[in-house]
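S.K.: Taken in sequence, the protein lines are chains A and B.
FYI, the numbering for the first sequence is 50 to 384, going by this note's numbering.
FYI, the numbering for the second sequence is 378 to 734, going by this note's numbering.
Worth flagging that the hints you see were computed from the coordinates, not collected in a lab.
Model, not experiment: these values are computed from the prediction.
Check before you lean on any hint, since a few could be wrong.
Said to hold, decoys possible - Ranges between beta-carbon positions, derived for each pair:
#, chain 1, residue 1, chain 2, residue 2, range
1, B, F445, A, D237, 25 to 31 Å
2, B, I586, A, D167, 55 to 61 Å
3, A, R234, B, F445, 30 to 36 Å
4, A, N233, B, K731, 47 to 53 Å
5, A, A197, B, I413, 55 to 61 Å
6, B, P447, A, E377, 55 to 61 Å
7, B, R497, A, H114, 30 to 36 Å
8, B, I413, A, P165, 56 to 62 Å
9, B, E503, A, D167, 57 to 63 Å
10, B, R497, A, A97, 50 to 56 Å
As the list claims (entries may be wrong) - Partner residues are not named here, just some residues of chain B that face chain A (Cβ under 7 Å, in silico):
#, residue
11, Q563
12, A658
13, M704
14, T706
Positions of the beta carbon are idealized from the N, C-alpha and C atoms, including for glycine.
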Amino acid sequence: MKAFGIAAGLVLSFGATGALAQSACLITKTDTNPFFVKMKEGAEAKAAELGITLNSYAGRIDGDHESQVAAIETCIAAGADGILITASDTAAIVPAVQQARDAGILVIALDTPLEPIDAADATFATDNFLAGELIGQWAAATLGDEAANAKIAMLDLAVSQPSVGVLRDQGFLQGFGIDLGDPNRWGDETDPRIVGNEVTAGNEEGGRTAMENLLTQDPEINVVYTINEPAAAGAYEALRAFGRQDDVLIVSVDGGCPGVQNVADGVIGATSQQYPLLMASLGIEAIAAYAADGTLPENTPGKEFFDTGVALVTDQPADGVESISVEEGMDLCWG
Amino acid sequence: MTETTGPSRDDYESGLEGSSTDVASFEGGRGPLYRIHGFLHSTPSAVPLIVLVASVLTFGLLVGERFFSPFALTLVLQQVAVIGIVGSAQTLVILTAGIDLSVGAIMVLSSVVMGQFAFRYGLPPEIAVLCGFAVGALCGFINGVLVAIMRLPPFIVTLGMWQIVLAANFLYSANETIRSQEIAEQAPLLQFFGERIEIGGAVFTYGAIAMVLLVLGLHYVLTQTAWGRHVYAIGDDPDAAELSGVRVKHTLISVYVLSGLICALAGWVLVGRIGSVSPTAGQFANIESITAVVIGGISLFGGRGSILGMLFGGLIVGVFSLGLRLMGTDPQWTYLMIGVLIIAAVAVDQWIRKVSS
């Protein structure tokens, strides 16, 4: 793997020496997840428009930190102007990112903030806490007075509590009106309405098993928070097996096309949609601006990152919660 | 297991008379430890069965009716179905002293082929399912040829095949999920194994039933047919097997092809379980299947163990996962306990080998 990276670096540096054209790197967690596929599409389209050479790299699986380090080294060797990275290991990648910045490369974290967040020059991401808050508010408003007696299942990402999973979970609880305890950690809440937390790995199988386990603990569950839409689809299969699919509210986050279609079909009540294509195209624009005259991207006022926006997609709008329709969500979906 | 001490009794003869599950017999009567040891050796699935029963009873006492109900107990069966089927494929290969790291990938690719052939090319779902099985068998055949004819180590062959099949899966599917609703509407056959029978509070999915039938069927084949004895013989000592007339290469290839076919079945069951066809499903099925096999008392060195043990091993993992979660334990404890079980299982295996040699 490493040898391959070095070989690729050599080829790239030879290719780059002759041309003065600007170049950028895109490093994603994997090149198979539709979210990153869309991100790559957005970056490629914008790069082509601005005449920037784009090289894309990805880990083989989510969590493949080494390939990402090799990719940064390759980009430094190739003399790229900027790097867009969705880090697998947000803390461990920092020294490699620092090397790139020391080499005068603009580094922008896409989707996933680094730890600390200012380890990158800028972060273009969804406000995951807000994404969770929107579905929490929607669920509470949809239940009305019944929200006081809700029985809530929390389907989270992983036991290691990665930041994206914690932010969405805690945002949902805040939106629903539940005391958070430590906002940097899920599972420490004492509200009796929460039946339990389970992890799903963000896929269908994990979603189904997690939902089965929680339903065994309390078959009366009527609100299900899910980390993402594949987990929601799995949870729905479990509910269907229990004959409970029609009287449970499922909410989720992501806005992928199958997920939005599931909102249309009534599988998911509402989902918070994020915009990977926008993240990537704005990132390429920022690199172009930096390469032209050294302009650094600015954060959204009041936030530590540039907020690429989030919208609640549902066809059952609730009072006081802003949302877009399924049709609009379909136009903007990814995957 | 009865033991005799009479000096005139010829133990070799009694071994021949008895059931062919008796892979060896012992001089007994020298104390309870020998009796237990003899029993464990001749019944390799006994240790995991005892652990399984003990863990069910323990969780039944600790958690009460939420765990010890027909519903929860059959839920374990449902949750274990996919791994139990993949574990069957893994068992066959491990009995030949091999290992198959590509089982999970073959399972996922087969399910993706079933889904995409039905939806992308509009083939009738029956044909699409058959194509999935064909792909599974082909992957197994390639593994088998490389192991048996090219004489490459199974670990290396299937390590490579794992990556190749998984990459092919992602490239071919473009990581596109086919949604449950579309499958239910246009190709419900793909969700066949999600159908269920309810008896009282117990819920049996066709997937869970398929797993049990498959394991029982393979148990019969492994213990009662010549092919089954050849599989054990190859795992024990391939050269000796060859000398005694076993067609080692043919048998090895047939084991890998069968393993591929069983993985395709697992892929079909997986679609029934998760509803949709997802190229990212089952990423750790290879490790989980090896876990079930090891806890089930099947020797990684080949030639020893019963496929029933694998089923019990898988169920132990399922019981621990559900039981600990119902007690509200952090999921990490499940992994910790499973880790302890794996090491304990290998230790018991070594102990039995050591005392019997």
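S.K.: Quick one: which hint numbers does this structure break? Sort them smallest to largest.
M.R.: 6, 10, 11, 13 and 14
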